[in-house]
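First to last, the protein sequences are chains A and B.
FYI, in our numbering the residues of the first sequence are 1 to 253.
FYI, in our numbering the residues of the second sequence are 1 to 253.
Derived by calculation from the structure, the hints in this document are not laboratory data.
Keep in mind that a hint or two might mislead.
You can't tell identical chains apart in this list, so a pair holds if it fits in one copy or across any two.
[To be verified] Derived pair list, reagent style DSS-like, types lysine-lysine, alpha-carbon separation capped at 27 Å:
#1 Lys240 with Lys38
#2 Lys99 with Lys203
#3 Lys142 with Lys240
#4 Lys99 with Lys22
#5 Lys18 with Lys240
#6 Lys203 with Lys192
#7 Lys192 with Lys18
#8 Lys216 with Lys99
#9 Lys216 with Lys35
#10 Lys18 with Lys216
#11 Lys192 with Lys142
2 protein chains.
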Amino acid sequence: MIRITLIGSGNVAQHLIKAFSKSELVEIVQVFSRKKDKLTHLLDSEIIINDFSALKEADLYIIAVSDNAIAEVSQQLPFNNQLVVHTSGTASIETLDIKNRRGVFYPLQTFSKNKDIDFSIIPICLEAENTFDFRDLETVAKSISNAVFPINSEQRKALHVAAVFVNNFTNHLYQIGQEICEENQVPFEILKPLIQETAEKIKTLDPIDAQTGPAKRNDSTTIEAHLEYLTNENQQNIYKILTQSIQHNGKKL
Amino acid sequence: MIRITLIGSGNVAQHLIKAFSKSELVEIVQVFSRKKDKLTHLLDSEIIINDFSALKEADLYIIAVSDNAIAEVSQQLPFNNQLVVHTSGTASIETLDIKNRRGVFYPLQTFSKNKDIDFSIIPICLEAENTFDFRDLETVAKSISNAVFPINSEQRKALHVAAVFVNNFTNHLYQIGQEICEENQVPFEILKPLIQETAEKIKTLDPIDAQTGPAKRNDSTTIEAHLEYLTNENQQNIYKILTQSIQHNGKKL
């Protein structure tokens with residue numbers, strides 16, 4: 001068994017605990033959480049610790065805390081030369097204290113508290129400073145996911161920015177869609193199959209080939225009618241900038 | 001059997017032909033297409049016509065042509081007082097010539113040529129000028145879809161604008177995500193599960209509750225790092241305006 005200790009009690013930590021608990025290859029040795037009761041629904045309370053001096057030996061230490069706490073937590077670890085990784089999409093591998101062997105174990109997904117997730121399809125992006133450590137991380141990652149990728153810190157930055165576009169910003173466009181519906185007594189339900197189909201298409205088509213709509217076909221009559229229809233200046237501005245961006249792509253082709 | 005004639009040969013017309021061909025309640029009497037060979041893979045060539053004078057009697061005439069051709073086509077129909085509908089998300093019911101009984105039969109979906117679609121889950125938005133016509137349209141719509149809604153022309157405008165946000169603009173954000181990945185030798189595949197999950201979440205959560213990311217949590221360090229990372233001015237502007245829009249929502253709560 002590969003012995004793993006987790007540090008953290010947030011969304012990512014909790015989803016990892018669930019995933020590792022199902023893995024036959026991995027044993028969770030301990031989980032560090034400032035507040036023990038945040039994890040008692042997932043773990044025996046005996047293995048939950050809130051003091052770094054109580055840390056036992058493990059093969060791998062996973063720091064799943066907020067980005068700005070990674071450096072401090074990694075400094076507080078009371079040992080050297082162990083394999084220590086963080087789970088962040090933005091922090092560099094160098095955020096971790098150099099006294100240990102460093103790595104990154106970044107599951108690229110949007111984790112919600114109240115929604116269970118099939119971890120086997122979640123991409124895990126790995127980075128390590130030497131080949132053996134990378135292979136060990138790969139073994140651990142493959143025990144919970146079928147989509148494991150080597151991604152260095154520079155690529156991970158790109159991936160995180162791209163994820164903001166396809167996840168955070170996309171979700172915000174859903175919200176604007178809902179607002180426009182509700183202001184006009186239209187059930188948002190009507191748009192849900194379209195939202196699913198828009199995402200579904202990307203499985204088989206490149207986004208540029210899936211693009212439809214007034215901007216794509218340079219339908220200026222419809223674009224002007226829509227801009228006139230929108231009364232919210234913020235929505236108007238978003239409509240304009242995204243329409244122009246779609247039209248600009250068309251020209252480059 | 002309800003006898004239907006379709007006018008048009010584009011994406012919407014072709015998907016409607018496929019859906020009606022499976023319906024036991026509907027018979028396709030004729031389909032008008034300027035170019036007959038565009039439809040011979042779907043229909044017996046005998047029922048494809050390219051001359052309005054060859055139109056036979058039907059219970060319902062569906063005009064599935066581009067928005068700017070609806071008015072002219074409806075004027076050219078060589079009969080009065082029949083039930084005639086268009087399939088547009090933007091054109092008003094009044095775009096149709098008043099010599100016939102008018103209505104709208106708007107399937108809200110993104111239709112791609114090379115992708116078959118399960119019509120039963122596609123919302124169909126209906127409008128008519130009198131109750132009997134509305135009920136007849138409802139019967140036809142329910143024979144191919146389980147999601148039929150009464151939507152007047154004003155509501156339909158809102159719906160179409162909202163659809164541009166959740167479909168056209170969302171797809172464009174996917175494209176930007178892909179560009180950022182490819183510029184940095186990261187496979188876009190890694191982001192696809194996230195795209196699916198983002199859409200999936202909306203089935204059970206309101207978009208505002210599903211929102212995550214640096215803008216939502218006012219993480220100005222990450223936002224600045226992302227803006228510095230993006231070298232394309234257009235992508236920077238989109239990042240800024242959508243980040244501000246997410247932050248603004250937060251304040252209103």
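Requested in this report: Check Lys240 against Lys38 for me: Cα-Cα at most 27 Å, and say if that holds within a copy, between copies, both or neither.
Outcome: Close neither inside one copy (45 Å) nor across copies (35 Å); limit 27 Å.
Query raised in the report: When no copy is specified for Lys18 and Lys216, does a C-alpha distance of 27 Å or less occur within a copy, between copies, both, or neither?
Result: between (44 Å within a copy, 26 Å between copies)
Query raised in the report: From the Cα coordinates, with 27 Å as the cut-off, is the pair Lys192 and Lys18 best called within, between, both, or neither?
Result: Close across copies (23 Å), not inside one copy (30 Å); limit 27 Å.
Query raised in the report: Between Lys99 and Lys203, at a C-alpha cutoff of 27 Å, which is it: within one copy, between copies, both, or neither?
Result: neither (43 Å within a copy, 46 Å between copies)
Report task. Classify it for me, Lys99 with Lys22: is the Cα-Cα distance of at most 27 Å met within a copy, between copies, both or neither? Result -> So Lys99 and Lys22 fail the 27 Å test inside a copy (31 Å) and across (68 Å) alike.
Query raised in the report: For Lys216 vs Lys99, is the C-alpha pair at or below 27 Å within one copy, between two copies, both, or neither?
Result: neither (54 Å within a copy, 34 Å between copies)
Requested in this report: Up to 27 Å between alpha-carbons, please classify Lys192 paired with Lys142: within, between, both or neither.
Outcome: For Lys192 and Lys142, only the inter-copy Cα distance (18 Å) is at most 27 Å; the intra-copy one is 33 Å.
Requested in this report: Measure nothing new, just compare the shortest in-copy and cross-copy C-alpha distances for Lys203 and Lys192 to 27 Å and report within, between, both or neither.
Outcome: both (18 Å within a copy, 7 Å between copies)
Report task. Indicate which option fits the pair Lys216, Lys35 if close means a Cα-Cα distance not exceeding 27 Å: within, between, both or neither. Result -> between (52 Å within a copy, 24 Å between copies)
Requested in this report: Pop the pair Lys18 and Lys240 into one bin, within, between, both or neither, using alpha-carbon distances up to 27 Å.
Outcome: Cα proximity of Lys18 and Lys240: none, with 44 Å in one copy and 36 Å across.
Query - Within, between, both or neither, where Lys142 and Lys240 count as close if Cα-Cα is 27 Å or less - result: neither (44 Å within a copy, 37 Å between copies)
Figure legend: structure checked against the earlier numbered hints; hints not met, in rising order: 1, 2, 3, 4, 5 and 8.
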